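Okay, here's what each chain looks like letter by letter:
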Amino acid sequence: MDLQGIWFFLWGFLWAVFFMTDGFDFGIGILYPFIGKTKLEKRLMINSIGPLWNGNEVWLITAGGVTFAAFPLAYSVMFSSLYSGLMLILFALILRGVAFEFRGKVDKKSWRNIWDICIFVGSLVPALLFGIIFANIFKGFPIDRAGVFQGSFFDLLNLYGLLGGLLFLLLFLFHGSLWLSIKTDGELHERAISTAVRIWPLLLISAVLFLGASWFYTKLYDNYLARPALFLDILLTVAALFASIFFIKRKNLFKAWFSSSIIIVGSVFFGIIGLYPNIIPSVISPDFSITAYNASSSPLTLKIMLVVVIIFIPAVIAYQAWAYNLFKGKVTEKDLSYDEAY
Amino acid sequence: MDVVMLSRLQFATAAMFHFLFVPLTLGLSIMIAIMETRYVRTGDKIYLSMTKFWGKIFLINFGLGIVTGITLEFQFGTNWSRYSAFVGDIFGALLAIEASAAFFLESTLIGVWVFGWRKLSPKAHAAVMWLIAGASTLSAVWIIIANSWMQHPVGYILRNGRAELADFSAVVFQKFAFLQFFHTISAAYIVSAFFVMGVSAYHILRKQNVEFFSKSFKMALIFGLIFSLFIVIEGDFHGSDVSEKQPAKLAAMESLWETTRKAPVYLFAFPDEENEKNIIEIGAIPGLLSFLAYKDVNAEVKGLKDFPKDERPPVFITSMAFKSMVGLGLYFVLITIYGWFRRNRLSESRLYLKIMLFSVPLPYIATELGWVMAEVGRQPWIVYGIMKTSDAVSPIASSQVLVSLTAFILVYGLLGIAGFYLIIKNAKKNPVL
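Respectively, the protein sequence lines represent chains A and B.
According to the numbering used here, the first sequence is numbered sequentially starting from 1.
According to the numbering used here, the second sequence is numbered sequentially starting from 1.
Please note: incorrect hints may appear among the correct ones.
With beta-carbon atoms standing in for the labels, derived distance ranges [stated by the list, open to error]:
1) A:Val208 with B:Val432: 55 to 61 angstroms
2) B:Phe420 with A:Ala226: 54 to 60 angstroms
3) A:Tyr324 with B:Pro395: 27 to 33 angstroms
4) A:Phe216 with B:Pro361: 58 to 64 angstroms
As a list, the in silico PhoX-like pairs of lysine-lysine whose alpha-carbon atoms are at most 25 angstroms apart [said to hold, decoys possible]:
5) B:Lys52 with A:Lys105
6) B:Lys425 with A:Lys108
7) B:Lys428 with A:Lys328
8) B:Lys123 with A:Lys334
9) A:Lys105 with B:Lys119
10) A:Lys334 with B:Lys52
11) A:Lys105 with B:Lys429
12) B:Lys425 with B:Lys52
13) B:Lys123 with A:Lys328
14) A:Lys109 with B:Lys429
15) A:Lys105 with B:Lys425
16) A:Lys105 with B:Lys428
17) A:Lys108 with B:Lys429
18) B:Lys309 with B:Lys323
19) B:Lys45 with B:Lys218
20) B:Lys45 with B:Lys207
21) B:Lys123 with B:Lys45
22) A:Lys108 with B:Lys428
23) B:Lys262 with B:Lys277
24) B:Lys45 with A:Lys334
25) A:Lys42 with B:Lys119
26) B:Lys119 with A:Lys330
27) A:Lys303 with A:Lys251
28) B:Lys119 with A:Lys334
29) B:Lys277 with B:Lys302
30) A:Lys109 with B:Lys428
31) A:Lys109 with B:Lys425
32) A:Lys108 with B:Lys52
Hints in this document: simulated from the structure, not taken from any laboratory.
The structure presented is a predicted model; accordingly, all values stated were derived computationally and were not measured.
The C-beta atom is built at its ideal place from N, Cα and C for all residues, glycine as well.
With these hints in hand, go ahead and build the complete structure from the sequences.
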């Protein structure tokens, strides 16, 4: 595979890892007002992701940065086309991050209520919008010869886009409830499990709908039909979906969460594989599509950046794995008694 | 207003708000690392309390710095898409390196530091803070390299309708970046030093925990003194470098209209850009500008009139920002030298402590002014000499930017209030000894 091809899949990989890691943070943030019944349970929920969410969010910065570095034209067209949507995501992420930090710093109910809303909205908006945005990327943008987006934010809210939003929402809810079940015990733990069990059939339906709709709304399957071996990605994702419910029933929650990680990565790659070599297909004319080849940086930059990511991305994965391992185990009331807890 | 102006205002709002928090992160992380190391070495609990007290403030500040940084990276794409397509080969790569080599480390480790008190040995815990400080500094290095490339583009070749990378090491190791980095990092240390001194002064004035806060004050004073002195010397080199590489900016900084030998520095000058002259000129020191720029009192300095009108930066903002920054910088030197002689009699020097308490905002203002000068003074270029700001903007509707700019002002305004409320609240608290 050539440089551009390698970068195309690296690009997809970084986005997939972002959704896999920050995805459960989003899920917990959305479940937060519904599952966290008491003040204590609410705190257990945010402390279950407390040490990790910050590092998870950096996958977004890196995915964005790599889009900029490897495919400047794609970055330029994508980000300016999605202006309003991305601004909403940014504000949501700002409020979510600040809310974690600020919530516990003043012991007043009204103060906490403000930040509780920010945690919920700040998790829901990115979950939905990233789904809507990625479905629209799979479908293609109405971009003209100059790469100018001929439409508005509301054009993103088409049926396929909304199906994508729903799918991402359910993926993250499932992922988040499984993480929560790993990190808690008692009633909250049981509630987290039953939530995951209830979300599962919805996730299955929405995944089937999305796969079906992709046939009609996108050209993703062209690559699969050309190389049927690629259907393995879909098979693996569906297998992980069934494995997850199997592991939940067996009370093997870590394996269930791991399966749900595979579902997320597999779902993102379903689109990435289908897109190749397009990064943003144009629905106006295929000639206007932004591809890994017409949008890429110079070979020199691609090579230098390849060295950078080959050194640093494994290092990041290693020290993040170390951090995850350091904070394994359940969050208990005792943990919340310490000064530094959220 | 058009998309260009609105986008400039939006970027300025986002960048300046972000930079309210960055300097304290850079400086305080090192001071806290020193405190925690002393605790580990000596076992003296007072250093642990110091670590925790300043650590709490650090974290609120750090959180705000992180969340406001994300918007900057994204705005290059949302608002400056033509710029992004033009420079992504170089500028985008620098940002991506910053994210993967530095930002990842500090963001991952901050969680470890906060929640890891009982999971790590004291030594390892202190080491984590050193790594956070190191990663934050490295982060600053890459961002400054990227900004320096906009100020003084090197190592590129114009090909395929864009600036492509020709020489990576020329970009990374250019003199402009070195000077700008040391300038920015020293400024950050001064902000942090004055912050710690101001908060400590508050407590010493109230005669509470005097030992604790005298220790903090002295530590910050050393920091503040060293870097206030250093930045003046360094600033001189930086200024000379700017005069060589961005002569129009230099002329605007000093509001010098005519090309002259023995060019003066005015203590105060009020420019009238319409009529290309200064309305007020007070306290001319002949030859000083020539000397500062070229180390020769007789050197010729190019005046603004010798630059085409559409290649001159806004003179009023650039010169006012520059002069106020320099004035504040000199004040920091004097007040920290004075403090050095008073360092062992702090509790008796009530007036000095009061001055230091009210001096906390000044280094913040100075750093913001520095950025204003650097960025406004670069206009009308977004990449000096090769791309104009007006050609860099996205093909988007001004109404979109107007809405997002309003949202930025509102959200950041409220966050700023909440953030500083929390920082002040925690700064006023008594440390847990």
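- [ ] Could you work out which earlier hints the structure fails to respect and list their numbers in ascending sequence?
- [x] 3, 7, 27
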